[in-house]
Amino acid sequence: MDDYLVTVLSNIGMISFIALSAYLLLITGEISFGQQAYFGLGAYAAGAATAMFELPIWTAILVGSSVAGLMAMVVGALTLRLSGLYFSISTLAFAEMVRLILLIVKVQVEVDGEMVGPDGSNGFHDIRWMFERDISLTEFMFMIYGLLALVLIALIWMERSRLGMVFRMLGSDDLLAEMQGLNTVRYRILAAGLAGGIAGIGGALYAHFTTYVEPQFFNVMLGVHALAYGLIGGLGTAIGPLIGVAIDLGFLEAVRFIQGYRMIVFGGLVAVLLILMPRGLLDEERVHRLKTLFSRRNHAGARGP
Amino acid sequence: MLALEGLEKRFDALVALAGIDLEVATGEVLGIIGPNGSGKTTLLNTVTGVYPPSGGRVSFRGTDITGWKGHRIARLGIARTFQNIRLFPTMTVFQNVRAAQHSRESGSLFDRPASSSVSARSVEFVLEQVGLLEEREVLANHLPLPARRRLEVARLLAVDAHLVLLDEPAGGMTPAETADMARLIREVVAPGRTCVVIEHKLALITSVCTRLCVLDLGCKIADGIPDEVLANSRVRDLYLGASDDTGS
Amino acid sequence: MIDFVQNTVDGIMFGSSYALLAVGFTIIFGVMRRLNLAFGATIMLGAYVGTWLHVNYQVNVLIIALAILASTVLTGVYVERLCFRAIRRDAALASMVSSFVIWMQLEEVAIHLLPERTYPFPSLFVVDAIEVGAFLFRAEHVTMLVLAVAMVGALHLLLHRTRFGLALRAMSENPRAASYMGIDTGRVMLCSFALVSLVGGVAGYTILATDEQITPFFGLWTTFKGLIAMMLGGMGSLPGAILGGLMLGVVEAHSQWYLGNEYKDLSAYILLFAILVLRPGGLMGRRILSREELAYRRV
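Chains as they are written, first to last, in the working numbering: chain V, 1 to 305; chain U, 1 to 248; chain E, 1 to 299.
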């Protein structure tokens, strides 16, 4: 595979993490404009783990994901009393705070005679794990998709479990959930933490794939795109956001002749899609219909001679 | 079972409940009637912890639950329905009942909802009781209104509630559907449970309630055996005279 | 002390344009109960059309101003039709995401119009700064304040003295009741989009005439300033939007002066986050909104 294709595919994979993160909050009924903050925190924390402290990559990804997840839980607890647009804007404010602070923070240590670490507005350079271990882009791409598959399987499994049902209950009517005995506070914080952790994994991978990160990448555009992916693909299943990412990054990257008019075409298409399907391609009703269809087929197959 | 002492609820300047004293004995079916805005739904909301009371005390089976959060009150064994029906619209009938059980369980979060066949069978049992077994895989927002009300009732039956609060269970129903709902409450809900029923339709009240209480402007103005309360001239003037939505 | 007063007054003057942006956001939110993310981009496209006229034809300042207002209003109407009118009323999230992709679309149209990074924007007039005792005020800032006060005054009259204003306020209180009372809600929505686009166009024009240049980041910038100012004051409240705008201006002026440029935006966000956490609903937000909020939450 040529490097260009590998890069495009890897980007799709890494952006999918933040799309899944926004999706997880969407099904619990929260619209976050700020998941890019946890992507960024994951990138910085994991980058620091390998470049500054020379930890192994898997530990670094775990560190990135946990730092992001814990921070998301703290923010989740602080913003518990907020709902709707107030919640959305508070996440936006937090994410911009993180980005602007990262533009100021300079923490560097000497590794092999060179200064390494976050360097304010210059970003965080020389996260050279891939070069040091001689990992090719293609190998790293498989790592990305391996982790993405794990997260996706976990999410699909969660959706079939009691926790998934609890999240959907929160999302469709949190007063009713509370009246039925559900501790909504606890689950809102849990959802925030999980979503932050997923975004953190994506960030950790991103830092090592591009070998440098700069705060400018984690601006609000990334967060709102993540939100849009979930809604385009549909809120009925965790596959939805991936479809959204694939349509934007994959499809439009492939159709070269609209270069330069990309957003004009894409924007118009999505606007029309949302008029026809306000909860995305694979919304709850369509997912339900597909499931019924499949289970009927299975039953028919089982009964067959 | 449930005891309210001087229960008050104010929304800024508006007094919705002006000091209500009420005791509900175990096993009785208490009807609450009153004109619109008399504080019936506010009473339910205050008891179930939608919002905290502004004054007074609520105790349930000897425990003071004043100011508790809704989910703790629910777990103690109070279940309710809603005047403007609340269901999880994108879940199936089966899942809606299952969700009610889930919220109260403290078992593992990662169990599959349909994995335990015992509880699946118990859901099917209550769906059969309310006559929704055929519709078990239908999405809740595709059900007609009477079926939605019955689904709310199924949700109560599926959990272990000592006290059930029904907020206009026959709201928007035809006389025939109301009679069905009355039979369901009398034969399935009431046995083994203490009930409080808010309703405008006297047909339902007279056929299910063992006791009746009348609210007006946030005060209790009558309380007793249904026939006697309805014969009370003050109640007749205030409630029956002023409202034609009696369904009788 | 002189610095402090000077910064405060500068902040209020510049903040008056933030207040206009916030008023635009808050009126739309009041009428629609949905967030229009394309508001900043609408203003930007209008401003780009004006700049395009300026760069290519060197037309009169007044014509540029009129062209900006006209194209902003047209773009606003386009956004209303596509992202709000055509989408089910209860699908607030779909409208918001739709307005976001249309933001991206409008931005690309603007960039096709003028592909360079920065363009000069004609200043309103060339006058020296005004000295008052020890203080010094830029003429553009004073104009900004005067125009903002005039706009707010006109808006107040429009909302409280006309039938359209009454209909708009009724819809903000209770959209369903308003439609039962025979108010043509579709028309009110369309007119309010046109109205806020006009307000936004004025704000955009005065800001650009002060900066004397325009970049493709203008859409993002106006969206953020307007949103922050609206949230500081509390959604759906006109006095709140004005207070929020002025406050944002003052905080930015002070933090820029005392802490440095890189803390200007940071302190605004810290203030916003702190206010939302400590006083959910903003400084002057109506508590009644919480009920509508619940409806909005069910995305």
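Calculated directly from the structure, the hints in this document are not laboratory data.
One thing to keep in mind: the hints can contain errors.
Derived DEER-like restraints, expressed as beta-carbon distance ranges [claimed, not checked]:
{"hint": "1", "chain 1": "V", "residue 1": "81", "chain 2": "U", "residue 2": "191", "range": "38 to 48 Å"}
{"hint": "2", "chain 1": "V", "residue 1": "146", "chain 2": "U", "residue 2": "174", "range": "42 to 52 Å"}
{"hint": "3", "chain 1": "V", "residue 1": "66", "chain 2": "U", "residue 2": "120", "range": "34 to 44 Å"}
{"hint": "4", "chain 1": "E", "residue 1": "180", "chain 2": "V", "residue 2": "81", "range": "29 to 39 Å"}
{"hint": "5", "chain 1": "V", "residue 1": "250", "chain 2": "E", "residue 2": "136", "range": "50 to 60 Å"}
{"hint": "6", "chain 1": "U", "residue 1": "187", "chain 2": "V", "residue 2": "292", "range": "28 to 38 Å"}
{"hint": "7", "chain 1": "V", "residue 1": "81", "chain 2": "U", "residue 2": "233", "range": "25 to 35 Å"}
{"hint": "8", "chain 1": "U", "residue 1": "225", "chain 2": "E", "residue 2": "163", "range": "32 to 42 Å"}
Partial chain V-side listing against chain U, Cβ under 10 Å, derived [stated by the list, open to error]:
{"hint": "9", "residue": "112"}
{"hint": "10", "residue": "125"}
{"hint": "11", "residue": "126"}
{"hint": "12", "residue": "130"}
{"hint": "13", "residue": "134"}
{"hint": "14", "residue": "165"}
{"hint": "15", "residue": "168"}
{"hint": "16", "residue": "176"}
{"hint": "17", "residue": "292"}
{"hint": "18", "residue": "297"}
Cβ atoms here follow ideal geometry from the backbone N, Cα and C, with glycine treated the same way.
### Query
Once the shortest beta carbon distance from residue 112 of chain V to chain U is found, is it less than 10 Å?
At about 45 Å, which exceeds the 10 Å cut-off, the nearest Cβ of chain U leaves the hint on residue 112 of chain V violated.
### Task
Look at the Cβ atoms of residue 146 of chain V and residue 174 of chain U and judge whether their distance stays inside 42 to 52 Å.
59 Å, violated
### Query
Going by Cβ atoms only, is residue 126 of chain V closer than 10 Å to chain U?
Violated. Min distance 41 Å.
### Minimum beta-carbon distance criterion (10 Å), residue 176 of chain V to chain U
Check passed: Cβ of residue 176 of chain V comes within 4 Å of chain U, closer than 10 Å.
### Message
A range of 50 to 60 Å was offered for this pair. Does it hold for the Cβ distance of residue 250 of chain V and residue 136 of chain E?
### Response
With a Cβ separation near 56 Å, residue 250 of chain V and residue 136 of chain E satisfy 50 to 60 Å, so the hint holds.
### Message
If I claimed the Cβ atoms of residue 81 of chain V and residue 233 of chain U lie 25 to 35 Å apart, would that claim hold in this structure?
### Response
Roughly 49 Å apart at Cβ, these two residues miss the hinted range, so it is violated.
### Query
Can we keep the residue 297 of chain V interface hint, with Cβ of chain U closer than 10 Å?
Check failed: Cβ of residue 297 of chain V comes no nearer than 15 Å to chain U, outside 10 Å.
### Task
Evaluate the given range 38 to 48 Å for the C-beta pair formed by residue 81 of chain V and residue 191 of chain U.
Once the Cβ atoms are compared, 42 Å apart, the range 38 to 48 Å for residue 191 of chain U and residue 81 of chain V holds.
### Query
Is it true that residue 187 of chain U and residue 292 of chain V lie within 28 to 38 Å of each other by Cβ?
Roughly 33 Å apart at Cβ, these two residues keep to the hinted range, so it holds.
### Task
Would you settle whether the hint for residue 125 of chain V is holds or violated, based on the nearest Cβ-Cβ distance to chain U being less than 10 Å?
Residue 125 of chain V check fails; min Cβ-Cβ to chain U is 41 Å, beyond 10 Å.
### Task
Have a go at the residue 292 of chain V hint: is there a Cβ in chain U nearer than 10 Å to its own Cβ?
Holds: closest Cβ of chain U sits about 6 Å from residue 292 of chain V, inside 10 Å.
### Task
Tell me if residue 165 of chain V is really an interface residue toward chain U, meaning its C-beta lies closer than 10 Å to one of theirs.
5 Å, holds
Hints 2, 7, 8, 9, 10, 11, 12, 13 and 18 from the list above are not met by this structure, while the remaining hints are.
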